[in-house]
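There are 2 protein chains.
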Amino acid sequence: QVTCGKKEEATETKIHPLTRRIWEVIKEKQSNLCVSLDVSESGDLLDLADKLGPYVCMIKVHADIVKGFNVDVGLQLKALASKHNYFIFEDRKFADIGKTVSMQFSGGNLEISKWCDIVNVHALPGPGVIAGIRTVRRDVGILVLAQMSSEGNLLNESYTKSAVELSSANRDCVIGFIAQENLTNDSFIVATPGVHLSTSSGDLGQTYNSPQKAIEKGSDIIIVGSGIIKSDNPVEAAENYRKASFTAKILEKCALYS
Amino acid sequence: QVTCGKKEEATETKIHPLTRRIWEVIKEKQSNLCVSLDVSESGDLLDLADKLGPYVCMIKVHADIVKGFNVDVGLQLKALASKHNYFIFEDRKFADIGKTVSMQFSGGNLEISKWCDIVNVHALPGPGVIAGIRTVRRDVGILVLAQMSSEGNLLNESYTKSAVELSSANRDCVIGFIAQENLTNDSFIVATPGVHLSTSSGDLGQTYNSPQKAIEKGSDIIIVGSGIIKSDNPVEAAENYRKASFTAKILEKCALYS
Numbered sequence: 128q129v130t131c132g133k134k135e136e137a138t139e140t141k142i143h144p145l146t147r148r149i150w151e152v153i154k155e156k157q158s159n160l161c162v163s164l165d166v167s168e169s170g171d172l173l174d175l176a177d178k179l180g181p182y183v184c185m186i187k188v189h190a191d192i193v194k195g196f197n198v199d200v201g202l203q204l205k206a207l208a209s210k211h212n213y214f215i216f217e218d219r220k221f222a223d224i225g226k227t228v229s230m231q232f233s234g235g236n237l238e239i240s241k242w243c244d245i246v247n248v249h250a251l252p253g254p255g256v257i258a259g260i261r262t263v264r265r266d267v268g269i270l271v272l273a274q275m276s277s278e279g280n281l282l283n284e285s286y287t288k289s290a291v292e293l294s295s296a297n298r299d300c301v302i303g304f305i306a307q308e309n310l311t312n313d314s315f316i317v318a319t320p321g322v323h324l325s326t327s328s329g330d331l332g333q334t335y336n337s338p339q340k341a342i343e344k345g346s347d348i349i350i351v352g353s354g355i356i357k358s359d360n361p362v363e364a365a366e367n368y369r370k371a372s373f374t375a376k377i378l379e380k381c382a383l384y385s
Numbered sequence: 128q129v130t131c132g133k134k135e136e137a138t139e140t141k142i143h144p145l146t147r148r149i150w151e152v153i154k155e156k157q158s159n160l161c162v163s164l165d166v167s168e169s170g171d172l173l174d175l176a177d178k179l180g181p182y183v184c185m186i187k188v189h190a191d192i193v194k195g196f197n198v199d200v201g202l203q204l205k206a207l208a209s210k211h212n213y214f215i216f217e218d219r220k221f222a223d224i225g226k227t228v229s230m231q232f233s234g235g236n237l238e239i240s241k242w243c244d245i246v247n248v249h250a251l252p253g254p255g256v257i258a259g260i261r262t263v264r265r266d267v268g269i270l271v272l273a274q275m276s277s278e279g280n281l282l283n284e285s286y287t288k289s290a291v292e293l294s295s296a297n298r299d300c301v302i303g304f305i306a307q308e309n310l311t312n313d314s315f316i317v318a319t320p321g322v323h324l325s326t327s328s329g330d331l332g333q334t335y336n337s338p339q340k341a342i343e344k345g346s347d348i349i350i351v352g353s354g355i356i357k358s359d360n361p362v363e364a365a366e367n368y369r370k371a372s373f374t375a376k377i378l379e380k381c382a383l384y385s
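Heads up: the protein sequence lines correspond to chains A and B, in order.
Here the first sequence is numbered in my numbering, starting from 128 and rising by one per residue.
Here the second sequence is numbered in my numbering, starting from 128 and rising by one per residue.
Hints listed in this document are in silico derivations from the structure and should not be mistaken for laboratory results.
Treat the hints loosely; a few may be bogus.
When chains are identical, the list treats them as one kind, so a pair holds in a single copy or across two.
Unchecked claim - Below are the DSBU-like pairs computed for lysine-lysine, each with C-alpha atoms no more than 30 Å apart in a straight line:
#	residue 1	residue 2
1	K357	K178
2	K357	K340
3	K210	K344
4	K154	K370
5	K141	K178
6	K194	K241
7	K288	K156
8	K194	K376
9	K288	K376
In isolation and in its complexed conformation, chain A is listed as follows:
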């Protein structure tokens, strides 16, 4: 019994505080849905964030495709995050040496570090890519790209293994992976993009998975873009995706990690 108690404590201390908060929000909102707001105007971005905020645990953005995006727009997105209780994930896929990443994260027109909760990085440049984030802000959550779904991608098994190793060595910052399946059987979050209720192929080599299939394979957070924002009724679509994604397995994980 004592041993068990110790084990549980050890497990608990390994859970990143942001990971815990994310699972709390998932549990509270019964939503493990992340909507990807790939729009080109900041007005549309904020409008969709306000409309879809109640249905999601996370909003993913590419600030660099949005005209007029600046720190004020970022802070408005953050204000909406407080209103609707979602996390902001900037899908920047940092992939440079540490010194450059630190400038890309903190500087320029976007000042990403001022408004986001989560960013992602490619493991490709090595640990410097994480050090570049950490040197600017220690409390941001990093998702490491461990797998991609695009045709002909070079993230083979050996690459994925290295990405997992890099993540495991940096648990103070890394909260999980962008991946297609469970990779570690621990508190690392698996966020899966390219999810669509009607699975098919997109433009320029993009491929899609259903929410059910993604969760069966071990995904925790379901990232949906066009299936929601290109829908005639994005709010209804978001609710459909929320329901399809919040399964018994996810509820179990809420109990385990929140």
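With chain A fixed as given, assemble chain B onto it according to the hints.
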């Protein structure tokens, strides 16, 4: 003799028109130097581009670290490029699926596609990363990252081989590599960053090479950042790097490819 003539013709048709123009500029300016202008203010960027323009064949920027960078700043950089006869290389390291890359290349505050001559991409996402660029602009030159110098990077031999294969299959857009050495013995340009006359280690895992060593290993274009812009006299430093980089081997290549 006829066979020789045919062979030469065949070689000639393989050379990308932009590659040929780059070697012409290198020959004319006796400079295979690319200066990396990692500054955070657009005024400083344009000022340095005007001062250093005469000494370089190429200027490398990270538009996303520059406050106030927009398409007007990009076009001013382009006007200076016409004045001083250099190429503009945006070091974006695109690393996403094709659809996203096309939006990142054309959209947002930066509108990269409107003012740059050359961009780089990671081979990691597969051919879609090149298709995403091509769909916006067919005449931009792509450099594929085939090697990196940062500590613990995951660009091993097998990865480099795949990056070369991807590049060879897309010679309509790809003009060469970011690499530490010659990889193909053909008209693909090798551009090498992390070069410094006093070799040492930088912050966050960055490592440096001398221009001589880089060129011995097969580099064509020497990319220098801090060695020039952090110098007390950037113009003098640029001239020193130009002289150190423009070797007999580079002159031979000018004859071969311009």
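>> To test your reading of the hints: which numbers does this structure violate?
In response: Those not satisfied are hints 3, 5, 7 and 8.
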